[in-house]
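Colleague: Kindly produce the complete structure, drawing on both the sequences and the hints.
Chains as they are written, first to last, in this note's numbering: chain A, 3 to 516; chain B, 48 to 463.
Just so you know, these hints were derived from the structure itself, not from any lab.
Quick caveat, the model's predicted, so the values are computed rather than measured.
Among the clues, some could well be false.
Here are the simulated SDA-like cross-link-like pairs (lysine to any residue), alpha carbons at most 20 Å apart as the crow flies [as the list claims (entries may be wrong)]:
#, chain 1, residue 1, chain 2, residue 2
1, A, K367, A, E413
2, A, K123, B, L358
3, A, K123, B, V352
4, B, K203, A, P385
5, A, K123, A, K164
6, B, K262, A, I433
7, A, K483, A, L275
8, B, K262, A, N328
9, B, K443, A, G64
10, A, K123, B, Y356
11, B, K262, A, Q438
The primary structure of each chain is shown beneath.
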Amino acid sequence: MVCAAYLAKAGRKVLVLERRHVLGGAAVSEEVFPGFTFSVMSYVVSLFRPHIIRELGLAQHGYEVIPMDCTFTPSLNGDKGLARWSDAALTRREVSVFSKKDAEVYPEFSRAMTQISAFTKQVIDNNAPDITSMHPKELGNMLRLGGAMRDLGPDMMHLNTKLLTMSAVDFLDMWFESERMKAPMSVSGIIGTFQGVRSPGTAYVLLHHYMGELDGAFRSWGFSKGGTGGVSKACARAAESFGAEIRTEAPVSSIRTKNGRAVGVVLENGDELDANIVVSNADPRRTLMGMVGEDQLPEDYVTRLKRYKFRGSSGKVNLALDALPNFKCRPGEGPHLAGDITIAPSIDYLEKAYDEAKYGAYSQKPFIDMVIPSLTDPSVAPPGKHVMSCFVQYAPYHLKEGADKWPEHREAFGDTVIDTLSDYIPNLKDIILHRQVLSPWDIEQKVGLTEGNIFQGELSLEQLLFQRPVPGYADYTTPIKDLWLCGSGTHPGGGIIGSSGELSAKTILAKNAV
Amino acid sequence: MPIGSPFYERTAPLCTSMNWKDWSGYYAVCSFDTIHIPEYFAFRHSAGMIDVTPLFKYRVKGKDASAFLSRVMVKNIDKLAVGRVAYLCWCNDEGKIIDDGTVMHVSENEFFVTSADPSYLWLSRFTRGFDATIEDVTDSIAGLALQGPTSREILKQCVDIDMDNLKFFGICEGKLDNIPVRVSRTGYTGDLGYEIWTENANALKLWDALMTHGKNYNITPAGLDAMDMTRIEAGLILNGADYYNASHMLIAERMSTPYELGLGWTVNLNRSNFNGQSALRRENEEGSMWATVGLDIDWSELEAVCNSYGLPPEVDGHAWRTSIPIYDNNNYNKQVGYATSGTWSPTLKKNIAIATIQKKYDVQGTRVQFEVTVEHTRHLVTAIVGPLQFFNPERKRSNPALNREINQTTLAQSIK
Chain A
3 MVCAAYLAKA GRKVLVLERR HVLGGAAVSE EVFPGFTFSV MSYVVSLFRP
53 HIIRELGLAQ HGYEVIPMDC TFTPSLNGDK GLARWSDAAL TRREVSVFSK
103 KDAEVYPEFS RAMTQISAFT KQVIDNNAPD ITSMHPKELG NMLRLGGAMR
153 DLGPDMMHLN TKLLTMSAVD FLDMWFESER MKAPMSVSGI IGTFQGVRSP
203 GTAYVLLHHY MGELDGAFRS WGFSKGGTGG VSKACARAAE SFGAEIRTEA
253 PVSSIRTKNG RAVGVVLENG DELDANIVVS NADPRRTLMG MVGEDQLPED
303 YVTRLKRYKF RGSSGKVNLA LDALPNFKCR PGEGPHLAGD ITIAPSIDYL
353 EKAYDEAKYG AYSQKPFIDM VIPSLTDPSV APPGKHVMSC FVQYAPYHLK
403 EGADKWPEHR EAFGDTVIDT LSDYIPNLKD IILHRQVLSP WDIEQKVGLT
453 EGNIFQGELS LEQLLFQRPV PGYADYTTPI KDLWLCGSGT HPGGGIIGSS
503 GELSAKTILA KNAV
Chain B
48 MPIGSPFYER TAPLCTSMNW KDWSGYYAVC SFDTIHIPEY FAFRHSAGMI
98 DVTPLFKYRV KGKDASAFLS RVMVKNIDKL AVGRVAYLCW CNDEGKIIDD
148 GTVMHVSENE FFVTSADPSY LWLSRFTRGF DATIEDVTDS IAGLALQGPT
198 SREILKQCVD IDMDNLKFFG ICEGKLDNIP VRVSRTGYTG DLGYEIWTEN
248 ANALKLWDAL MTHGKNYNIT PAGLDAMDMT RIEAGLILNG ADYYNASHML
298 IAERMSTPYE LGLGWTVNLN RSNFNGQSAL RRENEEGSMW ATVGLDIDWS
348 ELEAVCNSYG LPPEVDGHAW RTSIPIYDNN NYNKQVGYAT SGTWSPTLKK
398 NIAIATIQKK YDVQGTRVQF EVTVEHTRHL VTAIVGPLQF FNPERKRSNP
448 ALNREINQTT LAQSIK
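Modeller: So this is what it looks like as structure tokens:
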């Protein structure tokens, strides 16, 4: 949608085709149960690039994100759990309960992350550099990045290198001593990947989730008004305001090619549409293998694309609640319920959850990240009722019984999540009115994300930058001329960030491809 | 030393930040929590509730009450129907503004007037010859502003007033959980919202009732810091920040006229005599010296200045009200005006300001240079001149009955 908006803004004639009745893919709001509107899949916003919001005028088209004030990690150890707030002094006091040193090192950690983010922003706001190319423009790109890297200074350069290679836990060990602090922070390193918090490379994913900016404040996360579909809608309205046409319930069955170039699409209803170029927001495998066909592609490319890892590892449980959950460790209502709530009691807990997934089973005690947006935005639930969205990891796409066996395991997986939560929230089972369980298999069926990977391919180091999705094709092109990719399976990756759409459109326009 | 308002018993324990200020002799909460941002978002996404008791309030009665008010105010109050509210200002003989506020026509021959400054003396000066009495009810009437998208739903739970038909700038008397109240659809946030007025003795009962009925609608006690951001987004000027009461100023340069402040629309020139009429008529014919405009301060340029110091762009989450010089876009030495207040707008994702500039620069889209201080050093960044009202949501004026029709029409159109 971002790509469409940029192309339309530049005066190109754009037609957007959406398979479903709602726009937005994984970033949709749906009234799953009467009166209860859920951000069915993607559920919080932070990474969306501020310059895209400005350039497309998204705020004028209904982009509204309400920041969260708290990250709460409940506990079963007889203490009150840990809540981290926007209020720095309050956070220091909370963290001091577990470690006085951690409480005071927190600002130093934030400072380092802010400094590194300044460099990383250069990476995500520009096309991936092609390290093999001697083209002057590419060399310029490399020089610019090199300059930004040099500006970091030697300490930060070293830190940056560590960040690319270390595990999330090892990285956090450089600052923090308390498990209670490290566990909830380390989970940013595994979200959407099939790795554990001790797996090398997860430190980078941690940073990916730390680059968020809301209103000039780094690292803040927020709710989109009316659910994350609001962001998609704002992008759609912006695209339409620039003249783009949008058709829903118009599934594309194949991309038409002629002499090695894309010339249009065929819809499932048989309609054939001509186009000068085709840009696909579906993931790379679905686009190339599903809509073009292996026979049209170079052997080498097919091999690499087959190796490109999806391995969806997470599911969603969406609950409609009759009342607010009452946490055993922090009873009653309060602002600790209004932000992000993370079930991540210790590093070992998280690593054990991964262990089970490695052998094709969903975690018996999973990592759960939940939010109750109705506390902040009453429009998503009837008065006095609430919606609770739970992101659950690990739920491996490849069950040992086979991915297609997920429908048989779905509800048992849901029960596991509810049981896990009930340890912390004794009244939970009494207040559930409805529940929706989505396994990675369901996510694939519903929105077409291959293997249910929320980033259209893992955000692991070997699949980033000039290697995303396939080396030599990190510039949004494909082996088929005039067929482009603009989804999060391209540099720099996903998370309601907008960058792939922006950079693909700007590349298409710069190359005068249309 | 300020005193607590009739709501103090409730607001004091909630104000955990201890962040208060003096508002016209009353303790007023700046922000209940250390961080005021959730209070801002309550105004825009659910409902914020703020104590507005410190406003000066007057009851004007008598069979000449409307004639008297028409004599003092720039607006013709003879035309204000019962149940309607007018936003307006009043001037001295030179057409310089004294204050701005609202006049509410509560019943036949009775008006309720609010103002920012004490106005009893000023109003009393013009009662001669009119059958009109002025009673200062500032310290006997308490007020709460309930502002935000869910404010109507909250009041529907507890008042016997037909809220769906209480129009923008309407006022109605009724009972809120058996408390006699006056509800006006007015406010200082530019959003759907109401102000609820009652006798001091009922204040605590009113607070408790609204908190109870508002619970399921995320009612949030809010302070002045949050309201200041919303009023700037809505382009609502403030006495003491964006202009000053002419009767307190030593030099003419500090005085303003309604036309200069963008309040020309409140002036009804062609009618019987009122304060400042001839001066305002002259200004209307000859044109004004100054204009009050909105500025959209370029974020990319500000970001570039910050980056040149190795800093990320940072905005203070608070609104500001210090005078900032504005320069001509082609001549950086030529000052053409000054900004008087501004804020980062989390809703609009813009860095905005209210500014007074020379009339010839009051053309939408005009580029001017705005002074910013980064790392103790002054820099200029571009700002674009636009209308004062940055934020004006449909819900502010809309009525639910009407809304249903609109929704059905748009639905029908989208199906076609």
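Colleague: Please flag the earlier hints that this structure goes against, numbers listed from lowest up.
Modeller: 11
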